[in-house]
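Protein chains: 2
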Amino acid sequence: MQNQPFITNLQPPYYAVIFSSIRNDVDHSAYDEMNNRLMALAQKQPGFLGVDSVRDKLGITVSYWKSPSAIKAWQTQSDHLLAKRQARTSWYKTYTIRIARVEQAHDFSAKQLP
Amino acid sequence: MQNQPFITNLQPPYYAVIFSSIRNDVDHSAYDEMNNRLMALAQKQPGFLGVDSVRDKLGITVSYWKSPSAIKAWQTQSDHLLAKRQARTSWYKTYTIRIARVEQAHDFSAKQLP
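The listed protein sequences derive, respectively, from chains C and P. Okay, so the first sequence: first residue is 7 according to our numbering, each after it adds one. Okay, so the second sequence: first residue is 7 according to our numbering, each after it adds one.
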């Protein structure tokens with residue numbers, strides 16, 4: 007279990023999928039439902055290490071993976087799910103997906119007082 | 007100039023600094039001021055390609071750079087600035103910095119109607 011509010015303590019090298027997006031003003035409940043299904047699906051994928059997500063107007067979601075092949079398998083699964091719902095391009099005005107190899111990581115936590 | 011609300015159209019390979027953080031509930035105006043100075047400093051650094059940032063409770067900032075050496079030079083500069091203000095560790099409850107090599111990127115934009 008992780009007490010941190012975001013993903014920490016992963017040992018490089020590993021991979022990140024950085025998804026930056028602006029949503030359309032349509033059908034947020036359907037979006038949320040599909041997003042929950044995608045996240046549930048990700049949790050079950052081999053090589054999934056975790057995901058962090060924030061949205062204001064801009065949304066940034068970063069998911070972490072053991073290898074490019076784990077990402078490829080996940081994308082095949084999720085594209086399949088999204089294609090069934092013809093969802094992605096109708097939900098987003100614009101998005102960018104990047105796949106990146108994490109080479110260094112440094113975690114900082116303020117000392118907890120007893 | 008970039009009309010997109012986030013950074014697009016960068017050609018891999020390039021580098022990303024992924025900064026995930028939770029702030030302390032102190033002195034937001036000083037934080038904002040220093041953050042603005044850091045961003046202004048980044049813009050002037052050789053090899054800086056852009057930055058996207060979102061905060062809800064969790065904050066995710068991703069800055070993009072041409073090379074590891076450009077990141078190193080930026081970190082030296084920004085650590086210097088932060089050290090002068092002894093800022094970072096007092097502003098954050100917890101943070102993680104990752105340096106990652108972007109190997110693939112895909113941009114999507116919904117077609118604009120005339």
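Rather than coming from a laboratory, the hints here were simulated on the basis of the structure. Check each hint, because a few of them may be wrong.
[Claimed, not checked] So, partial list: chain C residues that the calculated Cβ filter (under 10 Å) puts toward chain P: (1) 11; (2) 82; (3) 84; (4) 116.
[As the list claims (entries may be wrong)] Stretch-level coverage of chain P by chain C, calculated; a stretch enters the list once three of its residues show a Cβ under 8 Å from a Cβ in chain C: (5) 40-53; (6) 63-70.
Don't be surprised by glycine CBs; every beta carbon is placed ideally from N, CA and C.
Comparing the hints with the structure gives:
1. Annotation: interface hint on residue 11/C holds; nearest CB of chain P at approximately 6 Å, less than 10 Å.
2. Taken as an interface hint, residue 82/C does not check out: its beta carbon lies about 15 Å from the nearest beta carbon of chain P, beyond 10 Å.
3. Given the 10 Å rule on beta carbons, the hint for residue 84/C is violated: about 14 Å separates it from the nearest Cβ of chain P.
4. At a threshold of 10 Å, the smallest CB-CB gap from residue 116/C to chain P is about 5 Å, leaving the interface hint in force.
5. Coverage of a stretch by a chain is defined here by at least three residues with a beta carbon nearer than 8 Å to that chain's beta carbons; for the region 40-53 of chain P and chain C the count is 0, and the condition is violated.
6. Remark: the region 63-70 of chain P is confirmed as covered by chain C, as 5 of its residues place a Cβ nearer than 8 Å to a Cβ of that chain, reaching the required three.
Violated hints, listed in ascending order, are 2, 3, 5; each of the other numbered hints is respected by the structure.
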